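So the sequence lines, in the order shown, correspond to chains A and B.
Counting in the numbering used here, the first sequence runs without a single skipped number right up to 375 at its last residue.
Counting in the numbering used here, the second sequence runs without a single skipped number right up to 378 at its last residue.
Hints in this document: simulated from the structure, not taken from any laboratory.
Incorrect hints may have been included.
[Stated by the list, open to error] The following label-pair restraints were derived from C-beta to C-beta distances:
id: 1; chain 1: B; residue 1: Gly-204; chain 2: A; residue 2: His-267; range: 22 to 30 Å
id: 2; chain 1: A; residue 1: Leu-258; chain 2: B; residue 2: Pro-92; range: 27 to 35 Å
id: 3; chain 1: A; residue 1: Glu-142; chain 2: B; residue 2: Leu-219; range: 35 to 43 Å
id: 4; chain 1: A; residue 1: Val-358; chain 2: B; residue 2: Ile-217; range: 29 to 37 Å
id: 5; chain 1: B; residue 1: Gly-205; chain 2: A; residue 2: His-274; range: 54 to 62 Å
What you are looking at is a predicted structure, and each value in this text was computed from that prediction instead of being measured.
Here a beta-carbon is modelled for each residue, glycine too, at the ideal position from N, C-alpha and C.
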Amino acid sequence: MMTPQNAMLEVKDLTKNFVKRLDMAGKIAQRLGSNIREETVHAVDSVSFTIEKGEVVGLVGESGCGKSTLGRMIAGILPPTAGGISFKGVEFTAMTQEEGEAAALAIQMIFQDPFASLNPRMRVEDIIGEASVIHGMTDLKERSDYVGDMMERVGLGREYIRRYPHQFSGGQRQRIGIARALAVQPEFLVCDEAIAALDVSIQAQVINLFMDLREDLDLTYLFISHDLSVVEHISDRVVIMYLGRIVETAPTDELFDKPNHPYTTALLNEVPRLDQRGIEYEPVSGEIPSPLDPPPGCHFHPRCPHVTDRCTIEVPVLREIAPGRLSACHLNDQ
Amino acid sequence: MKTVAENIALGAAARDKTEAVETPFERFRASFFASKVASVALVVLCSLIFVAVFAGFISPTNPYDLAQVSVLDSKLPPGAKSFEGTAFWLGTDGAGRDLLSAMIYGLRISLGVGVMSGIVAMIIGAAFGLIAAYFGGRTENIIMRIVDIQLSFPAILVALILLAILGKGVDKIIIALIIVQWAYYARTVRGSALVERNKEYIEAATCLAIGHRRILFRHLLPNCMPPLIVVGTLQTASAISLEATLSFLGVGLPVSEPSLGLLIANGFDYMLSGKYWISFFPGVALLITIVSINLVGDQLRDVLNPRLER
Ligand SMILES: Nc1ncnc2c1ncn2[C@@H]1O[C@H](COP(=O)(O)OP(=O)(O)O)[C@@H](O)[C@H]1O
Ligand code: SF4
Ligand SMILES: [Mg+2]
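Assemble the whole structure, with the sequences as input and the hints as a guide.
Written out as structure tokens, the structure reads:
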């Protein structure tokens with residue numbers, strides 16, 4: 042079983058709230074009796090899970106459910122509001138300066154937007170090589186060789202080293218972003234919708250690149266996507282999120298064979314599947330509720346076909362329903 | 069028939085054309101010179117700067133050298149000959165100085181004051197604007213409140229008060245202009261830095277454990293440069309005219325170091341007696357300077373507009 046000792050990454054009760062503070066006009070309006078108030082988005086709400094070394098975990102949920110926020114906290118870009126993240130058994134907050142920096146470098150992120158994620162005023166050599174020189178993986182003399190190696194590793198010709206980002210296609214830019222992350226020799230990659238912005242024909246190539254790198258470099262992945270079909274073929278395990286909370290986690294094939302949570306079932310119905318051709322296509326019905334004002338009890342209850350009175354009052358806890366499988370639904374209590 | 073060597077050279081040239089690394093600067097240069105008006109304005113501006121920098125070599129006489137100035141030559145019309153026979157192309161001023169020479173030295177002071185105060189104000193303003201946008205929170209609130217307060221007063225009023233306290237002198241007016249201007253730069257840089265800060269390349273730099281200072285000055289600042297350059301140019305033009313106004317009002321520069329504005333003021337008394345040139349020519353020079361800077365600035369704004377950037 043998973044023990045925290047050998048887990049590569051452990052996230053415990055991780056929470057992130059975004060508070061939209063009132064400006065001066067808002068404060069005055071409030072004094073005058075308007076019902077304007079400070080708004081809090083519970084982007085990530087007490088999320089816990091572990092990822093083992095070498096695992097590929099898919100994180101899936103509709104847009105706005107907090108996937109990117111969770112990924113950013115793990116990558117050290119965003120400070121959590123509450124809860125903790127441990128890397129190889131050590132809490133981020135308990136690390137010394139050097140340990141913290143080592144962990145920060147070991148966890149790298151691949152971003153969604155291949156245009157916004159590269160500094161437009163830097164050459165590829167600087168984009169990929171800057172951090173590795175600062176952190177001593179290479180030096181200024183060796184830098185262009187080092188960067189060239191990284192470029193070849195991700196399938197780019199090293200002759201493009203002096204170019205600027207605007208001279209590349211979307212797929213090539215995403216490869217530059219991957220090379221930039223690899224250049225600091227990470228162990229864990231958070232890929233946030235890393236292929237969503239690419240042409241369909243290029244998506245498969247980039248996915249294959251991720252899988253090759255996993256083999257070659259012994260990487261561990263958190264692969265974020267709004268689309269279950271993207272993670273199906275690459276993930277060992279899938280985590281499903283809904284409005285800031287985890288609702289189900291299971292090994293990939295079990296999840297696809299026998300989803301437990303009604304939300305997972307609904308998501309699966311959206312995935313066109315070979316073995317279910319002819320079966321009625323049924324999207325998740327209803328609107329995603331606003332994360333500013335999430336429904337009480339089970340967040341999914343306004344859209345759930347199995348909703349009961351209990352669901353509207355009591356939050357279902359995420360608990361083990363079978364070995365290695367967790368789900369948060371009151372139906373499991375019957 | 070072409071020789072083999074020629075063919076190879078042609079091939080290499082063709083390849084160079086397609087393979088040439090087109091830097092952001094090269095793209096910028098090409099689009100800047102697409103406008104004729106702006107190109108002319110830039111040439112005029114460069115000539116003015118050249119004249120100002122090499123005033124000592126270009127100017128026919130040294131207007132500060134009392135030995136070369138004779139009161140007998142005062143208020144001569146353009147083209148008149150001096151007592152000793154040299155021609156005054158633009159006439160002389162009330163003290164008998166060659167007006168052309170006085171204008172060249174005046175241009176030097178006007179441009180020098182405008183550019184110096186502009187550069188220092190830009191550095192100070194950009195640093196504060198970047199820090200405000202990047203760190204946010206209390207730091208940002210404090211900096212931006214000061215900026216707001218400062219910008220709510222008219223620049224001329226603030227400058228007049230400062231000069232009343234500081235007194236006359238080139239250094240004093242530069243200090244006053246810096247204090248008046250830095251807030252514009254801070255506001256501009258903060259605006260663009262707020263947009264840039266939320267882009268993923270900044271998050272990537274954070275994730276790569278690149279230090280704050282490096283992120284601020286190597287990543288954020290270069291991407292905030294376009295609006296900063298535009299505001300810098302236009303702001304320099306307004307600093308020059310502000311200095312001229314202050315000198316005209318008699319609170320800016322000492323009479324011993326006349327800028328274009330002070331020359332206009334000195335000649336103004338003779339306007340009604342028909343001796344127009346003493347004010348008129350410095351006025352034209354000031355106008356040309358400010359208009360050419362503004363034209364260059366406007367073109368920069370069009371070229372560097374982020375919405376048009378590919
Ligand atoms: N910097 C921020 N400030 C305020 N709200 C934010 C911020 N980032 C994300 N949010 C909000 O948090 C919620 C989750 O966003 P995000 O993590 O981007 O979701 P996802 O990646 O699953 O689409 C959304 O409602 C979003 O509006
Ligand atoms: S707890 Fe209730 S509302 Fe929520 S998913 Fe289960 S059945 Fe549906
Ligand atoms: Mg997202």
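What hint numbers does the structure not satisfy?
-> 4 and 5
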